[in-house]
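S.K.: Here are the chains, one letter per residue:
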Amino acid sequence: AQSVTQLGSHVSVSEGALVLLRCNYSSSVPPYLFWYVQYPNQGLQLLLKYTTGATLVKGINGFEAEFKKSETSFHLTKPSAHMSDAAEYFCAVSWNQGGKLIFGQGTELSVKP
Amino acid sequence: DGGITQSPKYLFRKEGQNVTLSCEQNLNHDAMYWYRQDPGQGLRLIYYSQIVNDFQKGDIAEGYSVSREKKESFPLTVTSAQKNPTAFYLCASSLGGGGTDTQYFGPGTRLTVL
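So the sequences go chain by chain: A and B. Each residue of the first sequence is one higher than the one before, starting from 1 at the first, in my numbering. Each residue of the second sequence is one higher than the one before, starting from 114 at the first, in my numbering.
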């Protein structure tokens with residue numbers, strides 16, 4: 001079955017440190033890939049997405065992600081964490097099945113001062 | 114301002130009651146979606162609609178019902194048949210129903226069964 005896995009339900013970094021949130025999908029067919037961010041008791045906001053073309057995708061708030069087909073991965077990174085980055089992050093994938101998105105379990109990012 | 118609105122923000126229901134969650138969008142999007150969010154489980158698709166007067170079941174449709182009589186509205190009814198309805202419910206919309214289309218989310222409704 002097609003699925004997406006986020007490694008680590010909680011990640012903690014210090015302010016100014018590198019942020020790395022991991023996402024892997026399971027399918028022989030590459031999907032379209034999305035990262036969303038959710039602040040407490042709010043809806044989700046798109047950070048970035050990969051559909052075609054350049055495999056390194058830049059998004060909002062200084063985040064970027066690289067699609068690696070050989071590793072079936074789409075990890076999210078940010079060079080320097082800010083306190084305002086503390087939130088829950090969701091990786092999602094789509095195989096063009098009526099626009100259906102399959103979400104990972106989410107990773108809660110904490111940023112320590 | 115264009116966007117998606119959900120109401121109410123908080124909803125309390127007694128066991129055995131049906132409740133309806135509202136979702137409205139003024140983005141002129143064709144496709145709309147309902148997700149359920151539980152801690153540690155990500156989002157799971159309940160129902161989706163790619164066009165007015167048509168909708169499909171998602172992965173966890175049992176105990177829920179929807180209608181799509183207008184392009185801008187996609188209400189979700191949580192019926193008494195839903196065994197564990199306490200959750201955070203998110204509505205989303207996208208321009209079309211394609212896999213590359215970005216889904217835009219509303220602020221959510223938190224449903225608690227007393």
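The set of hints was computed from the structure by calculation and includes no laboratory data. Watch out, some of these pointers could steer you wrong.
[Claimed, not checked] Reference listing, derived: stretches of chain B covered by chain A, where coverage requires no fewer than 3 residues with Cβ under 8 Å from a Cβ of chain A:
{"id": "1", "segment": "161-170"}
{"id": "2", "segment": "188-194"}
{"id": "3", "segment": "207-219"}
[As the list claims (entries may be wrong)] In the DSS-like style, the derived pairs of lysine-lysine whose C-alpha atoms are separated by at most 27 Å in a straight line are:
{"id": "4", "chain 1": "A", "residue 1": "Lys100", "chain 2": "B", "residue 2": "Lys183"}
{"id": "5", "chain 1": "A", "residue 1": "Lys69", "chain 2": "A", "residue 2": "Lys100"}
{"id": "6", "chain 1": "B", "residue 1": "Lys183", "chain 2": "B", "residue 2": "Lys170"}
{"id": "7", "chain 1": "A", "residue 1": "Lys68", "chain 2": "A", "residue 2": "Lys58"}
{"id": "8", "chain 1": "A", "residue 1": "Lys100", "chain 2": "B", "residue 2": "Lys196"}
{"id": "9", "chain 1": "B", "residue 1": "Lys184", "chain 2": "B", "residue 2": "Lys170"}
{"id": "10", "chain 1": "A", "residue 1": "Lys58", "chain 2": "A", "residue 2": "Lys112"}
{"id": "11", "chain 1": "B", "residue 1": "Lys196", "chain 2": "B", "residue 2": "Lys170"}
{"id": "12", "chain 1": "B", "residue 1": "Lys184", "chain 2": "B", "residue 2": "Lys122"}
{"id": "13", "chain 1": "A", "residue 1": "Lys49", "chain 2": "B", "residue 2": "Lys170"}
{"id": "14", "chain 1": "A", "residue 1": "Lys112", "chain 2": "A", "residue 2": "Lys69"}
{"id": "15", "chain 1": "A", "residue 1": "Lys100", "chain 2": "A", "residue 2": "Lys112"}
{"id": "16", "chain 1": "B", "residue 1": "Lys127", "chain 2": "B", "residue 2": "Lys170"}
{"id": "17", "chain 1": "A", "residue 1": "Lys49", "chain 2": "B", "residue 2": "Lys196"}
{"id": "18", "chain 1": "B", "residue 1": "Lys170", "chain 2": "B", "residue 2": "Lys122"}
{"id": "19", "chain 1": "B", "residue 1": "Lys127", "chain 2": "B", "residue 2": "Lys196"}
{"id": "20", "chain 1": "B", "residue 1": "Lys127", "chain 2": "A", "residue 2": "Lys49"}
{"id": "21", "chain 1": "B", "residue 1": "Lys127", "chain 2": "B", "residue 2": "Lys184"}
{"id": "22", "chain 1": "A", "residue 1": "Lys68", "chain 2": "B", "residue 2": "Lys127"}
{"id": "23", "chain 1": "A", "residue 1": "Lys69", "chain 2": "A", "residue 2": "Lys49"}
{"id": "24", "chain 1": "A", "residue 1": "Lys100", "chain 2": "B", "residue 2": "Lys127"}
Ideal placement from N, C-alpha and C gives every residue a C-beta, glycine not left out.
S.K.: Give a verdict on every hint.
M.R.: Hints versus structure:
Restraint check on the segment 161-170 of chain B versus chain A: 3 residues with Cβ-Cβ distances below 8 Å, three needed, restraint holds. Counting residues of the segment 188-194 of chain B whose C-beta lies closer than 8 Å to any C-beta of chain A gives 0; at least three are required, and the coverage claim is violated. A count of 12 residues in the segment 207-219 of chain B with a Cβ less than 8 Å from any Cβ of chain A is obtained; the coverage claim is therefore met, three being the minimum. A hinted pair counts as satisfied when its Cα atoms are at most 27 Å apart, and Lys100 of chain A with Lys183 of chain B qualifies at roughly 21 Å.
A C-alpha spacing of about 21 Å is found between Lys69 of chain A and Lys100 of chain A, which places the hinted pair at or below 27 Å, so the restraint holds. With a CA separation close to 18 Å, the supplied pair Lys183 of chain B and Lys170 of chain B stays within the 27 Å bound. Using a Cα cut-off of 27 Å, the hinted pair Lys68 of chain A and Lys58 of chain A holds, with the two alpha carbons roughly 15 Å apart. For the suggested pair Lys100 of chain A and Lys196 of chain B, the alpha carbons sit about 24 Å apart, so the restraint of at most 27 Å is met.
Between Lys184 of chain B and Lys170 of chain B the alpha-carbon distance is near 18 Å, which keeps this suggested pair within the 27 Å criterion. Of the pairs offered as hints, the one joining Lys58 of chain A and Lys112 of chain A holds, with about 24 Å between alpha carbons and a cut-off of 27 Å not exceeded. Between the alpha carbons of Lys196 of chain B and Lys170 of chain B the distance comes to roughly 17 Å, so the proposed pair stays at or under 27 Å and holds. Between Lys184 of chain B and Lys122 of chain B the CA atoms are separated by roughly 22 Å; this keeps the pair inside 27 Å, and the hint holds.
Restraint check for Lys49 of chain A and Lys170 of chain B: the C-alpha separation of about 25 Å stays at or below 27 Å, so the hint holds. Pair hint Lys112 of chain A plus Lys69 of chain A does not hold up; C-alpha atoms about 33 Å apart against a cutoff of 27 Å. A C-alpha spacing of about 35 Å is found between Lys100 of chain A and Lys112 of chain A, which places the hinted pair above 27 Å, so the restraint is violated. The straight-line distance between the Cα atoms of Lys127 of chain B and Lys170 of chain B is roughly 25 Å, inside the 27 Å bound, and the hint therefore holds.
A threshold of 27 Å between alpha carbons decides the hint, and for Lys49 of chain A with Lys196 of chain B the separation of about 35 Å lies outside it, so the pair is violated. For the hint linking Lys170 of chain B to Lys122 of chain B, the alpha-carbon distance of about 24 Å falls within 27 Å, and the restraint holds. Restraint check for Lys127 of chain B and Lys196 of chain B: satisfied, since their Cα atoms lie roughly 12 Å apart, inside the 27 Å limit. At most 27 Å may separate the alpha-carbon atoms for a hinted pair to count; Lys127 of chain B and Lys49 of chain A exceed this at roughly 40 Å.
Of the supplied pair hints, the one linking Lys127 of chain B and Lys184 of chain B is violated, its CA atoms being roughly 31 Å apart against a limit of 27 Å. For the hint pairing Lys68 of chain A with Lys127 of chain B, the CA-to-CA distance comes to about 48 Å; that exceeds 27 Å, so the pair is violated. A hinted pair counts as satisfied when its Cα atoms are at most 27 Å apart, and Lys69 of chain A with Lys49 of chain A qualifies at roughly 15 Å. Note on Lys100 of chain A and Lys127 of chain B: the hinted pairing is violated, with a Cα-Cα distance of about 32 Å set against a maximum of 27 Å.
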